[in-house]
Each structure stands twice: as C-alpha cells, then as structure tokens.
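Visitor: One-letter residues, chain by chain:
2 protein chains.
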Amino acid sequence: MTLKVGVVGATGLVGIEILKLMPQFLRKSEFTPVGFASRVRPGENILELASSWDELRRCDYVLSGATSEVALMLREHMRPNQFLIDNSSAFRMDPSVPLVVPEVNGDLLKARPPLVANPNCTAILLCVALAAFRKVGLNRVNVATYQAASGAGIKGLEELDRQHAALAKGEHVPKPEVFPFQLAGNVLSHNSSIRSGTSVGAGYNEEEWKVIEETRKILDVRHLPISATCIRVPVRRAHTEAVSVDLGEDLSLEAARELLRAAPGVKMVDDWESNHFPMPIESQDQDLVFVGRVRKDPSLAKTLHFMLSGDQLRKGAASNALQIMKALVDG
Amino acid sequence: MTLKVGVVGATGLVGIEILKLMPQFLRKSEFTPVGFASRVRPGENILELASSWDELRRCDYVLSGATSEVALMLREHMRPNQFLIDNSSAFRMDPSVPLVVPEVNGDLLKARPPLVANPNCTAILLCVALAAFRKVGLNRVNVATYQAASGAGIKGLEELDRQHAALAKGEHVPKPEVFPFQLAGNVLSHNSSIRSGTSVGAGYNEEEWKVIEETRKILDVRHLPISATCIRVPVRRAHTEAVSVDLGEDLSLEAARELLRAAPGVKMVDDWESNHFPMPIESQDQDLVFVGRVRKDPSLAKTLHFMLSGDQLRKGAASNALQIMKALVDG
Numbered sequence: 020m021t022l023k024v025g026v027v028g029a030t031g032l033v034g035i036e037i038l039k040l041m042p043q044f045l046r047k048s049e050f051t052p053v054g055f056a057s058r059v060r061p062g063e064n065i066l067e068l069a070s071s072w073d074e075l076r077r078c079d080y081v082l083s084g085a086t087s088e089v090a091l092m093l094r095e096h097m098r099p100n101q102f103l104i105d106n107s108s109a110f111r112m113d114p115s116v117p118l119v120v121p122e123v124n125g126d127l128l129k130a131r132p133p134l135v136a137n138p139n140c141t142a143i144l145l146c147v148a149l150a151a152f153r154k155v156g157l158n159r160v161n162v163a164t165y166q167a168a169s170g171a172g173i174k175g176l177e178e179l180d181r182q183h184a185a186l187a188k189g190e191h192v193p194k195p196e197v198f199p200f201q202l203a204g205n206v207l208s209h210n211s212s213i214r215s216g217t218s219v220g221a222g223y224n225e226e227e228w229k230v231i232e233e234t235r236k237i238l239d240v241r242h243l244p245i246s247a248t249c250i251r252v253p254v255r256r257a258h259t260e261a262v263s264v265d266l267g268e269d270l271s272l273e274a275a276r277e278l279l280r281a282a283p284g285v286k287m288v289d290d291w292e293s294n295h296f297p298m299p300i301e302s303q304d305q306d307l308v309f310v311g312r313v314r315k316d317p318s319l320a321k322t323l324h325f326m327l328s329g330d331q332l333r334k335g336a337a338s339n340a341l342q343i344m345k346a347l348v349d350g
Numbered sequence: 020m021t022l023k024v025g026v027v028g029a030t031g032l033v034g035i036e037i038l039k040l041m042p043q044f045l046r047k048s049e050f051t052p053v054g055f056a057s058r059v060r061p062g063e064n065i066l067e068l069a070s071s072w073d074e075l076r077r078c079d080y081v082l083s084g085a086t087s088e089v090a091l092m093l094r095e096h097m098r099p100n101q102f103l104i105d106n107s108s109a110f111r112m113d114p115s116v117p118l119v120v121p122e123v124n125g126d127l128l129k130a131r132p133p134l135v136a137n138p139n140c141t142a143i144l145l146c147v148a149l150a151a152f153r154k155v156g157l158n159r160v161n162v163a164t165y166q167a168a169s170g171a172g173i174k175g176l177e178e179l180d181r182q183h184a185a186l187a188k189g190e191h192v193p194k195p196e197v198f199p200f201q202l203a204g205n206v207l208s209h210n211s212s213i214r215s216g217t218s219v220g221a222g223y224n225e226e227e228w229k230v231i232e233e234t235r236k237i238l239d240v241r242h243l244p245i246s247a248t249c250i251r252v253p254v255r256r257a258h259t260e261a262v263s264v265d266l267g268e269d270l271s272l273e274a275a276r277e278l279l280r281a282a283p284g285v286k287m288v289d290d291w292e293s294n295h296f297p298m299p300i301e302s303q304d305q306d307l308v309f310v311g312r313v314r315k316d317p318s319l320a321k322t323l324h325f326m327l328s329g330d331q332l333r334k335g336a337a338s339n340a341l342q343i344m345k346a347l348v349d350g
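One line per chain: the protein sequences are A and B, in this order. Just remember that this note's numbering sits 19 ahead of the position in the first sequence, which is counted from 1. Just remember that this note's numbering sits 19 ahead of the position in the second sequence, which is counted from 1.
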C-alpha cells in the first residue's frame with residue numbers, strides 16, 4: 020500500500036521543492052504525491068483548493084508550504100489519522116505543537132504527533148549548527164544574517180532578477196513591490212514588520228523574533244539570551260549567517276571544530292589557506308548546513324564565532340519537512 | 020599664499036575621491052592640488068612617481084591613498100615641515116602615530132603631528148557610532164559586516180560589474196581574479212588572508228584584525244573585548260555593519276537613540292513604520308554614518324543592537340583624511 024502525500028501550496032517555492040525532493044526521502048513505490056494549490060477567498064474564511072477536498076481527506080500526510088491563514092483552516096479539516104506538517108508560523112510557538120529539526124530534537128516525533136510545525140528557515144540552519152555545543156552549554160547567542168531574495172517567495176526572487184536585468188542594461192530599476200526598497204546592489208533590513216511599543220522585543224522585526232523564540236524552543240533552552248539581526252542581500256538562494264556564541268566552557272579551537280564536524284547535518288567548509296568558507300552559491304541545492312570561519316574570540320575564552328550557509332528552501336523548509344515525514348513514516 | 024596638497028595614489032579610488040572632495044573641505048583659493056600616480060618598481064625599493072619628486076617635496080600636505088609599501092617610502096622622503104596623512108595600514112598601530120577619526124579623537128591633532136594614520140574604513144564607520152556610548156562605557160563589541168566590492172579598489176569593483184553583466188546575459192561568469200570566488204549573487208568571507216597558528220587571533224582575517232585593533236586604539240579602550248566577522252556582499256559602494264554592544268549601564272531605548280542622534284557624524288535612519296533603515300544605496304556619496312535598527316537586547320539589559328551604513332571611500336577613507344588635513348590647517 021502506498022502513502023498518499025498531499026502538498027498544499029504546491030505552486031509556491033517551498034511546495035515545488037517538497038514535490039521535487041520527495042523521491043529522495045521515500046522510495047517511489049512508497050507514496051503517491053498530490054499537489055494542491057491553495058487560495059483563501061478574500062474577506063471570507065474559506066479555503067479553496069485546486070484539487071478536491073475529498074482528495075485531501077484521503078491523504079495520509081499533508082505537508083503545507085502555504086500561509087498561516089491556510090494552515091489554520093487545514094488544521095480544522097484534518098481527520099484523526101492524518102498527519103499535518105506545516106511550514107507556516109501558525110503553530111510554531113503553540114506549546115502543544117512540537118517544533119522540529121530532526122537532527123536536533125527529532126526524538127519529539129516518537130510520540131507520533133498529528134501536527135508538527137516546521138521552523139523558520141533561518142532558525143533551522145542556526146539550530147543545526149548550535150546543537151553541536153548543547154552538551155558544552157549555550158549561554159548566549161548572537162546572529163547577523165545574509166538572507167536570499169527567494170526567502171520572500173517566487174515574487175521576491177523575480178523582483179531581484181528584474182532589478183539585476185534593468186541595472187545590467189543601464190535602465191531605471193522598476194519600483195519595488197515585494198521589498199520596500201531596491202535589493203539589487205543593496206543590503207536591506209528584513210522586510211517583515213517591526214515590533215512596536217517599548218516592551219521586550221520592541222524594534223525587532225518579525226523574522227528576528229521568530230529566530231529568537233524558535234531557537235529557544237528547538238534547543239529547549241527557554242531563557243537563552245539570543246539576539247538576531249536579519250538582513251536581506253542580493254542573493255537568489257541560500258541564507259548565510261554570522262554567529263557568535265558564549266559557551267559554558269573554554270573549548271580549544273580544535274575541540275570546537277571536532278564538535279561541529281560530528282554534528283548531524285553539518286558540513287565543515289573551513290579552508291584558511293584558500294579563503295574557502297561557507298557561501299550561498301555552494302550551499303544552495305543541497306541539504307547540509309555549511310559551517311566555517313570557526314575561531315575563538317580574541318578576549319573571551321568561552322566565546323566562539325563562526326559562519327554558516329544553507330539552502331533555506333531545502334534544509335530551511337522542504338527537506339526539513341520531508342525529514343519529519345520520513346521519521347513519522349518509519350515510526 | 021595657497022597650500023600645495025599632494026595626493027599620492029591619485030589614480031586609485033581613494034585618491035580620486037580625495038581630489039574630487041578637496042574643494043568641500045578647503046576653499047579653492049586656499050590650496051593647489053597635485054596628483055601623483057605612484058608605483059614601486061618590482062623587486063626594488065624604489066618609489067616612482069608620475070610627477071617629479073621635487074614637486075612632492077614642495078607640498079605642504081601629502082595625502083596618500085596608495086599601498087603600505089608606498090607609504091613607508093614616502094615617510095623617508097618627507098621634509099620636516101610637511102604633513103603626511105596616510106590611508107594605508109603601514110603606521111596605524113605604531114604607538115607614536117595617531118590614528119584619527121576627527122569626530123572621535125580629533126583632539127590628538129592639536130599637537131600637530133607630522134604623520135597621521137587614517138584608519139581602516141570599517142573601523143572608522145564603527146567608531147563614529149560607538150563614540151556615542153563612550154561616556155556610558157563600552158564593555159563588549161561584536162560586528163558583522165556587509166562590505167562593498169569597491170573596498171577592494173577599482174579592480175574589485177570592475178570584477179563585480181563584469182560578473183553582473185555576464186549573469187544578466189545568461190553567460191558564464193569569468194574566472195574571478197580579485198576575489199577568490201564569484202561575488203555577484205553570492206556572499207564571501209573577506210578576501211584578506213587568515214591569521215594562522217593557534218594563538219590569539221588565529222582564524223581571523225586581516226580585515227577583521229584591523230577592525231579589532233584599530234577600534235581599540237581609536238576609542239582608547241586598550242583591552243576592549245571586540246570581535247568582527249567581515250564579509251563581502253555584491254554591493255558596489257558603501258559598507259553596512261550589524262553591531263552589538265554591551266554598555267556600562269542599562270540605557271532606555273530613547274536614551275540610546277538620543278546619544279546616537281547627538282553623536283557627531285551620525286545620521287539616524289530608523290523608521291519602524293516604513294522599514295526604512297541604513298542601506299548602502301542611500302549612504303553612498305555622502306559623509307555621514309547612517310545608524311538605525313536601534314533596539315535593546317531581549318534578555319540583556321545593558322546590551323544594544325543597531326546597524327549602520329556609510330560610504331567607505333568617503334567617510335571611510337578620503338573625507339576622513341581631508342577632515343584631518345582641515346583640522347591641521349585650521350590648527
């Protein structure tokens with residue numbers, strides 16, 4: 020018997036990746052994929068699917084790469100024996116829903132939860148690397164990101180491409196619609212809204228806040244002091260992060276590298292002689308998190324710095340969701 | 020009587036900016052500019068100038084935008100009444116040479132030193148912003164950079180332009196010569212060499228080490244715990260930095276902003292509603308350091324985060340050198 024796997028948001032960048040990569044995670048004979056394009060009728064609380072609702076109800080697993088609005092409606096329609104793995108932020112911080120990066124907290128899947136949240140892409144990549152130091156103790160984390168245009172979906176990617184094409188022809192760059200300002204040849208604070216007011220978290224954008232809260236939940240360090248500065252760069256695909264971490268112990272550089280090398284999901288790219296370090300043109304289109312530039316702080320014995328790069332549409336979204344499904348299937 | 024001002028390295032990006040901007044710092048009637056293209060004869064310790072050495076010896080001020088090798092030879096040829104303002108790293112960490120950002124430690128110019136070092140571009144921009152918090156106390160600094168291709172000179176800029184042109188035409192990107200890997204559509208660890216070995220500073224690249232050492236010297240906080248991650252992004256001009264700073268006191272967000280707003284050389288660009296923050300396409304071609312995204316750490320009361328952007332060829336090089344000259348002229 021083959022599993023019916025429904026992919027909601029099948030025409031979006033994440034949905035496309037899920038459908039493309041599914042055969043890498045399950046054998047062809049094990050599943051039948053069904054793509055569902057989704058749309059919420061404006062002003063109404065009705066989810067429309069390009070295929071039929073009956074079809075969705077017959078799926079064993081539903082993987083959603085659609086919006087939070089769609090995800091909330093999907094949950095209401097799920098049957099008891101179905102599993103929903105959702106890539107939106109709708110359920111991530113719900114205490115009853117596991118937020119899973121299989122290499123880090125995959126043990127949560129043993130309970131076979133019917134709803135699993137797939138974390139924010141930047142948080143997934145960060146947690147894969149930080150998990151290397153869990154036994155040593157994580158006392159403080161700081162991250163600055165170099166995020167790709169495709170993190171904003173197909174429209175973000177197309178906008179960057181159009182801007183590059185215009186600049187190359189010496190033409191005027193068309194007015195940006197996805198990003199608030201021109202991204203080509205520029206660097207932009209992440210285009211999510213800023214948390215207003217004056218209480219904790221004021222001034223952070225929503226992307227940064229997801230990284231902060233989700234990293235704490237995934238690593239299960241509830242009060243971890245962590246901050247993030249999320250910035251878009253004119254890169255098509257794959258996110259890069261500059262990470263600083265205060266550990267519980269004074270590790271030697273070699274010991275730190277050894278922990279990273281042994282961490283599941285990490286590939287070390289740290290060649291001092293040829294200046295070869297993690298970069299998006301190499302980390303894209305594969306599933307490992309590239310880590311390098313590992314070094315000890317010049318003044319603080321327990322502080323390490325490194326950079327990482329990974330494909331935010333694969334390990335940061337589609338592949339992580341498929342890993343979750345695979346773990347549930349293998350039970 | 021007009022001042023004769025010699026500009027060595029006059030055909031380089033910094034030299035061109037110095038010659039272009041000089042009239043903004045001194046009245047036309049006050050000076051006569053003389054450009055000198057410089058070249059060190061390969062394998063020999065001889066500095067060749069496109070104009071005559073006699074001409075250089077008649078200059079009251081010599082501003083060099085050339086290499087450290089040229090700078091070391093220039094110093095040997097300087098007459099007692101000449102001033103040398105050098106943009107290379109040859110003299111920056113020499114304890115007998117002041118390293119000056121006029122807004123920060125311009126008082127060092129009152130002694131009329133014959134040789135003044137112009138700091139590293141990334142360090143200048145950082146110090147202009149950090150100086151706002153000197154009275155509060157700086158306990159720890161961490162910076163991740165988004166540096167422009169023109170920081171690697173004309174050849175770096177042209178290489179990025181060629182890569183963008185090839186990509187827009189769907190052609191193969193020519194083999195990089197200035198940067199170790201393709202910069203267009205990518206993010207690269209800074210292309211300076213990595214400090215080897217296992218002692219303090221191992222694994223840092225030379226750019227990062229300059230930021231660390233020079234920031235300590237400019238701010239006169241000798242043992243300041245500071246780290247930097249220097250990264251190139253596909254931007255033509257102006258550097259951006261994500262900065263985290265641990266202060267001596269718990270400042271309110273408003274108090275922190277007030278200090279930054281009052282800091283000489285800083286322009287606040289911090290509009291939460293429209294996501295308008297410092298970015299290179301706006302900070303280029305002017306002399307202020309744009310600062311924004313100011314926010315308090317969610318966990319650490321004395322920690323602030325912000326980002327900044329500034330033109331590394333102007334405030335990060337040419338304009339800073341001209342400010343130094345202007346201060347010496349005004350005496």
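Please keep in mind that the hints were generated in silico from the structure rather than gathered at the bench. The structure displayed is predicted, hence computed values, not measured ones. You may find that some hints are simply not true.
No copy labels: a pair is met if it fits in one copy or bridges any two.
Said to hold, decoys possible - Calculated lysine to any residue pairs in the SDA-like style (CA-CA distance at most 20 Å, straight line):
#, residue 1, residue 2
1, 188, 40
2, 23, 73
3, 174, 153
4, 39, 124
5, 321, 265
6, 194, 54
7, 188, 88
8, 321, 220
9, 345, 71
Visitor: Decide, hint by hint, whether the structure agrees.
Guide: A quick look at each hint next to the structure:
| no. | hint | verdict |
| --- | --- | --- |
| 1 | 188 x 40 | neither (36 Å within a copy, 30 Å between copies) |
| 2 | 23 x 73 | within (12 Å within a copy, 85 Å between copies) |
| 3 | 174 x 153 | neither (38 Å within a copy, 44 Å between copies) |
| 4 | 39 x 124 | neither (25 Å within a copy, 58 Å between copies) |
| 5 | 321 x 265 | both (6 Å within a copy, 16 Å between copies) |
| 6 | 194 x 54 | neither (33 Å within a copy, 41 Å between copies) |
| 7 | 188 x 88 | neither (40 Å within a copy, 39 Å between copies) |
| 8 | 321 x 220 | between (26 Å within a copy, 14 Å between copies) |
| 9 | 345 x 71 | neither (25 Å within a copy, 75 Å between copies) |
Checked against the numbered hints listed earlier, the structure breaks hints 1, 3, 4, 6, 7 and 9; every other hint is satisfied.
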